[in-house]
Every structure is written in structure tokens, then in C-alpha cells.
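I would like the entire structure built from these sequences, with the hints used as guidance.
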Amino acid sequence: MTPARPGRRAGAPRGGRPARPARPGRGRRTEPGDGGPPDRAPGGHEAHTPPGRPKEGTLDGLVASKEIVICCGPGGVGKTTTAAATAAMAAHHHGGRVLVLTIDPARRLADALGLSPRTHEPGLGNTERRIPDEVFRQATGTSPRGELWAAMLDTKRSWDALVERHAPDTRTRERILANPLYRNISGRFVQSHDYIAMERLYDLHARGTYDLIVVDTAPTRNAIDFLDAPTRMADFFSSRLLRWLTASYRSRVVNLASRPFSQVADRILGTQFLGDIAEFFILFQSMYSGFVERAGAVTRLLSDRRTTFLVVSTLEATPVREAEYFARALVARKLPLGAIVLNKVLPPYFRDRDAALLAEQLRDGADAVGGRLSASLGTDPALTTRVLAEVADSFLNFGVVARREAEQQAELATRPEVLATVPFFEADIVDMEGLLRLGAMMWS
Amino acid sequence: MGDARPLPLLDLRLLFVTGKGGTGKTTVAAALAQLAAGRGKHVLACEVDAKGDLAALFEAAPTDFAGREVARGVVAMSMDTEASLREYLRLHLRIPVATRLGPLAKALDFVATAAPGVREILTVGKLCYEVRERNYDLVVVDAAATGQIVGQLAAPQAINDLVKVGLIRSQTDWMLEILSDPRRTGLVAVTTPEEMPVNETLELAARIRTETTVQLSAVVVNRVLPELFGLHEEEVFDELFAHRAELSKMLDGDAEPLVEGARLAVTMRRTRAEHLRRLRDGLASEAASAGGAAAPVLFVPYLFSRAHGLRSMHQIAEALGEELGL
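Protein sequences, first through last, are from chains H and D.
Mapping of the first sequence onto our numbering: residues 1 to 444, in sequence order.
Mapping of the second sequence onto our numbering: residues 1001 to 1326, in sequence order.
No lab work stands behind these hints: they were computed from the structure.
Be aware that a few hints might be false.
[Stated by the list, open to error] Computed spacing ranges between beta-carbons, pair by pair:
#1 D:Leu1231 / H:Arg137: 37 to 45 Å
#2 H:Gly378 / D:Gly1291: 53 to 61 Å
#3 D:Ala1288 / H:Arg165: 26 to 34 Å
#4 D:Ala1245 / H:Pro347: 51 to 59 Å
#5 D:Glu1227 / H:Arg353: 27 to 35 Å
[As the list claims (entries may be wrong)] With a Cα cut of at most 16 Å, we get these calculated EDC-like pairs of lysine to aspartate or glutamate:
#6 H:Lys156 / H:Asp133
#7 H:Lys344 / H:Glu426
#8 D:Lys1041 / D:Asp1011
#9 D:Lys1051 / H:Asp354
#10 D:Lys1249 / H:Glu174
#11 D:Lys1249 / D:Glu1235
Idealized CB from N, CA, C, for every residue including glycine.
If you want it as C-alpha cells, here you go:
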């Protein structure tokens, strides 16, 4: 597949892309942004799944009324899996064309979706790929009501696409693509991810190909970076320093205002590198208005009511602190915090007081109980005693952790519309069946 | 475990600690600093992303670029690239910084946004500088997460390729010399025995070798669950699980949560053991394909503790000390 060409309007002919399916209609939605209950897909699908109307205050209901779901939060809490599960559930039960877009540099979504995980052939490229219905059928025995697509953010290609769209002419485009600084920014360094991710989301949404786009964000440490990226980009292009730099490069006559800066920059970076930088930004300035306009549009899309944010976390101390910070940052920016999803929560029975007392009783009396039990089970008494003591100890140990988790949850200060907890899964979620099992728990 | 040969990990001068988010990277960095300080070393512990978690593990107030002693022998600091540039300019250009703070701050903003590698190099540069000047016996860095560490460590090389002359160029040469020296610089990757962290660690091992000059010195596996039952005990447990009603009767209470909890612990442990095996095999085959030696793997047990903080950090330092044969 060739990389998707940006900038096409919805409805324009799309080369190499299957036509939008007639079946899972766009009709499931009411007017975008009205926040009302979703209009369920018209008849003919009841045979597959009878999910009923999504309930108020559940993830099910929240997702059904949105066009963009952005999963964010600290790393290592199952964010990618949560995003994939949300998209899979929506495709399976709500219908429509659903895309999950992962932004993380590591190719984890491919793992979670079982797409050529450990090979170097690109299982998930910058291009969206459809997850075959067969994958759903194998997992559930039924076909999904809609379609599930997946894509991974390829920073370099997305930057190239952006340049191709905004460059005023072929020559400028070629020079930008060949500029050494551009090549480094787009391919090598960390921070170019933030902006390009939101840009790509905007582009995908504007194409109108998908009913729902679920985005998995990078676990940026200063997690709000990507929220501010569009603004930062716009600010940057209108900065005075940029003008100073490009002016001195253009004319070689250093004006008074920019002289100290140029001197410092020159000594630190060297003239040749400075030249590359300057060329890069002079070229980029030709795309300035396009960029600023887009950055504004991206910001508006993020705060639109069609968009919702899921903050994903576990109940461990550090992730909770980061999730809390993130939730507050969203609220402060007036961005729609739809839900907090708490993953890997220990089952509640570990906090049961009676069970804990019983465990203590068993730990202290393992000898006696072991003797009696081994007689009736026909097992070795010493072994049985050891096993009982381990059972009791293990329960009390996990009880400590479970109480710590409950404490963390109680301390969550920001309360979104939906608070979902997902229990600890014994095994890893590596296939569609696991994703849907996880999804079902999130939605209930 | 197994191989008892002590690792000279703490004899290095510069230790970058990375890991997938949520694996306990910061805690392990703090524990390594604590461990080295406990052995009489003068340690600088630097947090790269300035969230204050590192100082919090020592129950200390957040630190800044200047740094402050947070425990005996441990000075903690938070990286601040702007302050780093200022220090650099003061040391190397003799620019009267005080009179030009405004333009400089903007210049940094510009430089960092225009050439993002510059931000990385100001971070790595400051750390290498502390090593070169021998201000500390050991510099432990709570570095970028797995996804970004390669970019951070490869920045001097990238800048070297990009910038042909100028002060930055002359600086990257000695930085690279420090970073490339396996007797001075090492990377510690923290992981947990779970699917994704192990995948990322294996990916990292390969990328570090091909894309940077830094050596992967150790992999720390955090939160390793204890083995609940030996082989014969497990058979007894299966028997017990099948007859848990009998146990309830004997205890005169509902024993279901107890045995169910133990079953969950056993399954979790089993799944994780599989990932541990995958990690070891993967590290070994990656090393073999590159004709090098695999990084040693150190284990830190899962802590069933009431809270996170100084106490758990000390427990982890203790466990690491044992693994290092100290």
C-alpha cells in the first residue's frame, strides 16, 4: 500500500483503499457534538450481538457518542492495550469503521493485535490496515458489526507528507526534504513526535473515513507536551528569534537587534550548521500560514465535544500521581476528560476482612489444619502444612498491596464522568479474544 | 543468581538508568545511588525529567539544577537544559551571562526547538562534564524512558554528524570518548517480567548496540514474584483447590478467597517466569548475533509493602546489593 495521501476531502476517490462499507452505517451517530444518546445502527445487526443500549456513565456510552478517543497517561499501565480494546469493542459492538492509531515509538500495538509482532517486516505501518473479520470470528464466533483498522505513527513519513502538502512548489519541497536538519528532526529526535501525532489525527479525522478514531499517545513524561504541541508550533513560527536568524542568513548584514544572538549562535553551533538551520526555517516559512492554520484547527478539534480523553493508569503510587496530574491538565485546558481507566487492579476479595482473619488463623494454625486435611485428602502432612502456610502468607501479602491500591483510588481527586476499574489479568493480553475480554470488563 | 561473580557496575563513573514507564526506573536509579553511597562513594543522582520523584524517594523536597545532598553521600539534582546551557556558556565562552539572561533564554528556546538534539546534548553534556571533572565517584542518571533513551544517548554522535565545526562540535568529541568507554559508562535497563516491558528491553538491547556507543551493563528485572510452590507442593495445592470446601469447613469460614488468591498468584508467577526465560534467551541470542557478551540480569523481588518511598527504595537497594554480590 502506498502511504495515504493527505489532504483529500472525504468522498474523494481513494486509490488503493476499499470503498466505505455500506453496512455499518454512519447513521449510528446523531449530529456531531450534540452529546445526545447515540442513534444505534439501524436494523439487521441484532443477530450478531445484543449489547442493548449503552448505559449512561459507562465507557460503552461514552465511546458510542464520540468520534475521537484519546488515551493518555503514564507509561506501562496498559495504555496501548486499553486503546486497542476500546477500538475493538467499538468495532465489534457499535459498528462503523473504527481506527486505532498508536503513536508510541515502540511497536506495541502490533504485539497486542497479534500482527507480525517480532519481525522486521512492517506489520503496522503508517498506512492503516484492516484487521480481518476472521480475527474477530476466531475470538468470538461472530463477525464484528463494523470494521477495525489499525495504524502506527511513522514520524518520518508523516513529516514528509506534511511537507508535501504545505510546500508551495516542488523545488521548495525537494530542498526541505534534503535539508540535513529536517532529516534529523523528522527521523531521529524525540520531540517531533508530539506535533506530528496530533497533526496526523487531524488529517485522519478530516478525511472522514472513520466513524471513530482511538489514539494511543506516547508516554511523554511531561505528559501534556502533545496537547501544547500545536500551540508551540504556531508560536515558534511567529517567534522573533526565527526572524532574526533567517534575516541574518538571508542578508548577511547582521542588524543590530540580532547581532548578540547571531554571535552566540555562531560560536556554539558553527556557521555551516547555522546555515542549515536557517535554510530549513526559511523554507519552512513558506509554509507558515498553512502550519499556523492547521495548528489552530488541531487545537479546536481536541477541545471539541466529539473528542474525549481517557486517562489510563494503574493504582501504583507513581502512575496515579502522573494520571492525576494529567487529568488536572486536561481540565485546566478545558479539554474533555471523559474517563479514568484503572488497569491491573487486584481483585476486591484481597481486601475482605473476614478472609484476612481466616488467613491469619490459617497461618498460625497451619500445622493442625495441615494434619487434619492431609488425613482426609491423602496428601503428605508436612507438604500440606507448607502449602497452607504459603496460601495464607500469599493472601496476606497481596492484601497489603490491595489495601494500598484502594487507598490510592480513594485519593483520586479528579472525578471524571466515568471511572472504570479493570482487574488484574492472570495472563497477558496478546490477541483479539483477550482484547475483547478486557474491553468487556472496561465497559461493564 | 547462578553466577556469583560480582559485577563492577558500581565501579563505573556514569550510569544511565532507563526502562519502560512503570517498571520502577526511578526507584532502581535511587537504589543504585544509595547502594554506592553506602559503600563510601560520593554519588550524584540526576533526574532528567524534573518531576521530583527521585528526591521524593529519599523523602526530600524537590531538587534543582544546583543539586543538594539528600542522603549521606548522595547529591540529587534535576536536569534543566537552560541552566545547563548557562553553565556551559559561563565555563566555555566566558560570556557575561548575568547581563544577557533574556536573550540567552530565548536563544536556548530557539536552539532546542530548531535542533531538538541540542536539548539532549545539553543533558548528556552536563553529566559527562561531571564525570570528566571527577566531581563525583559515580553519576547515576534517572534517564529517559526506553522509547527515548537511544535518541538521548545517540545525540552526541548525531550532532557530530550534523555540526562540522564550532564549539558544540569540539565538545561532542570528549563526550563521545566518555560515553564509549565501557569502563566508565554503562546503561542499566529496568524491566518487569511482563510481555511488553520484556519486548521493549530486547528491542533496546539491539538498538543500543547498533545505534549508540554506550554499553548495556545490566538488565534489572523488577517485581519478580516469589515462587509459591515447588513441584510437589503444587500437586498438593491442586488437590487442596479441588477440595476447598473441606478447608472452609475445617476453618469454619469461607476459604474460597484464600485458595483463589493463591491460584492467581501461581498463574501470575507462571506467566512471568515465561517472560523471564524469553528475556534471557533474547539477550543471549542478540549478544551472540553481534559477537558480544549478554548483559547480566539482576532480579529484584516484588515488594509487598504498605507504601512506596524511602523504605521500599532501601529494600530494593538491599536486593540489588545481593544480586551484585556486595
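How the hints compare with the structure:
1. As the Cβ distance of Leu1231 of chain D to Arg137 of chain H is approximately 39 Å, the hint placing it in 37 to 45 Å holds.
2. A hinted range of 53 to 61 Å holds for the C-beta pair Gly378 of chain H and Gly1291 of chain D, which are about 56 Å apart.
3. For the pair Ala1288 of chain D and Arg165 of chain H, the beta carbons lie near 46 Å from each other, so the given range of 26 to 34 Å is not met.
4. Checking the proposed 51 to 59 Å range against Ala1245 of chain D and Pro347 of chain H shows it is violated: the Cβ atoms sit about 20 Å from each other.
5. Checked against the given bound of 27 to 35 Å, the beta carbons of Glu1227 of chain D and Arg353 of chain H, roughly 28 Å apart, stay inside it.
6. Restraint check for Lys156 of chain H and Asp133 of chain H: the C-alpha separation of about 30 Å exceeds 16 Å, so the hint is violated.
7. Taken as a hint, the Lys344 of chain H and Glu426 of chain H pair is honoured in the structure, with Cα atoms around 10 Å apart against an allowance of 16 Å.
8. With a C-alpha separation of about 10 Å, the suggested pairing of Lys1041 of chain D with Asp1011 of chain D holds against the 16 Å cut-off.
9. A hinted pair counts as satisfied when its Cα atoms are at most 16 Å apart, and Lys1051 of chain D with Asp354 of chain H does not qualify at roughly 40 Å.
10. At roughly 80 Å between alpha-carbon atoms, Lys1249 of chain D and Glu174 of chain H are farther apart than 16 Å, so this suggested pair is violated.
11. Of the pairs offered as hints, the one joining Lys1249 of chain D and Glu1235 of chain D is violated, with about 21 Å between alpha carbons and a cut-off of 16 Å exceeded.
The earlier numbered hints that this structure contradicts are 3, 4, 6, 9, 10 and 11.
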